[in-house]
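Protein chains: 2
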Amino acid sequence: MSTPPIVTTVKARTGGSVALKAGDHVSVVNVHGGQVVDSWAFPTSGEDPYEYMSMEHSRIHHYRLMFRPGDALVTNRLREILTFVADTSPGVHDTQCPACCDRSYRLYYETTDYHANCSDNLRAVMKANGRELAHVPTPWNLFMHTVVEDNAVFKDYPSKAEPGAAVTLRAEIDCLFAVSACPQDIIAINGDDAVPRDIELHHFPAA
Amino acid sequence: MSTPPIVTTVKARTGGSVALKAGDHVSVVNVHGGQVVDSWAFPTSGEDPYEYMSMEHSRIHHYRLMFRPGDALVTNRLREILTFVADTSPGVHDTQCPACCDRSYRLYYETTDYHANCSDNLRAVMKANGRELAHVPTPWNLFMHTVVEDNAVFKDYPSKAEPGAAVTLRAEIDCLFAVSACPQDIIAINGDDAVPRDIELHHFPAA
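Chains as they are written, first to last, in full-length UniProt numbering: chain Y, 1 to 207; chain W, 1 to 207.
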């Protein structure tokens with residue numbers, strides 16, 4: 001990581017991706033602070049075309065609700081796909097919430113027009129990469145401050161990520177790393193002002 | 001539910017299913033007590049052939065880690081598919097653990113021969129029903145006493161379901177309800193003796 005990274009800006013409310021080779025690093029940079037970033041990873045080789053980084057398998061791999069630097073994240077086939085290397089945020093990254101979708105805005109917030117959403121952002125990213133998607137896996141919701149309280153219930157708080165806070169990951173196998181800068185602007189998960197903002201992906205190829 | 005149910009015995013370590021019409025009830029009966037039953041539901045109509053009952057969407061639908069009688073369970077398309085009607089067990093039914101698979105036994109318990117598992121049991125059930133399965137969704141693990149402690153970590157306890165304890169569900173849409181009598185015999189989740197046992201499905205058609 002001594003050479004300058006390849007920087008991709010992911011505009012507010014949209015998706016983006018970077019193709020990683022095993023050994024590459026990627027940093028997800030919360031440029032303005034407070035922005036939730038849904039993230040996914042899909043192996044680019046293997047026997048199962050629908051294999052994905054799995055929050056449920058990764059949680060049980062560590063028997064914890066959330067991950068810490070040093071933890072490997074695994075696929076639904078229990079293959080290590082990413083390692084959580086470093087974190088300059090307060091360290092809360094939700095693993096429970098499904099990606100928002102147009103229907104979730106209509107159902108929970110009574111929107112009547114189409115609302116940009118993380119599920120459709122992922123679908124667009126996968127389509128642009130020529131990949132099939134049978135379902136939208138539960139994302140790793142970087143910087144999202146949804147926590148379990150009283151061992152039983154969920155509670156949402158605005159993201160506490162400061163401007164420039166970054167999560168750095170290393171690819172363990174070749175994979176497509178995809179993100180959505182969450183378009184949620186109704187409840188305050190994207191900072192106290194609920195305003196979606198741009199983020200950046202910094203790609204550090206291994207070679 | 002005044003007429004006798006149609007009873008299906010699901011042998012220890014295997015899978016089973018029942019096709020439900022909207023309005024039908026099904027009871028999952030823990031005949032001998034202590035047995036964990038992985039359960040899934042798949043709509044039999046709709047636009048998405050890969051739609052499934054989703055633990056992650058159902059949890060966020062209620063903002064709770066576990067479900068209670070009266071709660072509706074939803075699919076990944078946020079359609080209500082089952083309603084949790086009644087429960088004569090102590091009421092702990094895990095929503096976090098992925099289905100065991102041959103690889104999980106090899107990875108976590110160092111088995112070297114094939115081990116019967118809930119993922120392959122579901123695959124067999126779906127194949128027998130002529131259904132495609134792109135991935136194994138997180139099951140609703142009935143009677144499984146895995147809980148979150150200290151708001152952060154998972155802890156497994158042996159199932160506390162007494163003999164005859166039953167969970168009763170009502171279908172909200174036509175669906176295939178599938179189960180696996182969990183073959184776990186290494187750690188004590190299936191009762192204190194870790195012996196997998198038969199269970200029964202009692203189907204009460206609405207008409």
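A portion of the hints provided could be inaccurate.
No distinction is drawn between identical chains; accordingly, a pair holds when it is met within one copy or between any pair of copies.
Said to hold, decoys possible - Computed cross-link-like contacts, SDA-like style, restricted to lysine to any residue with a CA-CA straight-line distance of at most 25 Å: (1) K155 with R77; (2) K160 with E172; (3) K127 with H32; (4) K21 with H145; (5) K155 with R79; (6) K155 with P4; (7) K155 with H115; (8) K21 with E80; (9) K21 with E132; (10) K11 with M126.
These are computed hints drawn from the structure, not numbers from a lab.
Against the structure, the hints come out as follows:
In this assembly of identical chains, the alpha carbons of K155 and R77 lie at most 25 Å apart only when taken from different copies (22 Å versus 30 Å within one copy). In the homo-oligomer, the alpha carbons of K160 and E172 never lie at most 25 Å apart, since the shortest distance is 29 Å inside one protomer and 40 Å across protomers. In this homomeric assembly, K127 and H32 never come within 25 Å of each other (Cα to Cα): the closest approach is 28 Å inside a single copy and 49 Å across copies. Neither within a single protomer nor between protomers do K21 and H145 lie at most 25 Å apart by alpha-carbon distance, with minima of 30 Å and 40 Å respectively.
In this assembly of identical chains, K155 and R79 lie within 25 Å of each other by CA distance solely across copies; the values are 23 Å between and 31 Å within a copy. When the C-alpha separation of K155 and P4 is checked against a cutoff of 25 Å, the pair qualifies neither within a copy, at 38 Å, nor between copies, at 43 Å. When the C-alpha separation of K155 and H115 is checked against a cutoff of 25 Å, the pair qualifies only within one copy, where the shortest distance is 23 Å, while the shortest distance between copies is 39 Å. Proximity of K21 and E80 under a CA criterion of 25 Å is satisfied intra-copy only: 13 Å inside one chain copy versus 40 Å between copies.
In this homomeric assembly, K21 and E132 come within 25 Å of each other (Cα to Cα) only inside a single copy, at 20 Å, whereas the closest approach across copies is 31 Å. Taking CA atoms no more than 25 Å apart as the test, K11 paired with M126 passes inside one copy only; the shortest distance there is 17 Å, against 41 Å between copies.
The structure fails hints 2, 3, 4 and 6 (numbered hints given earlier, in ascending order).
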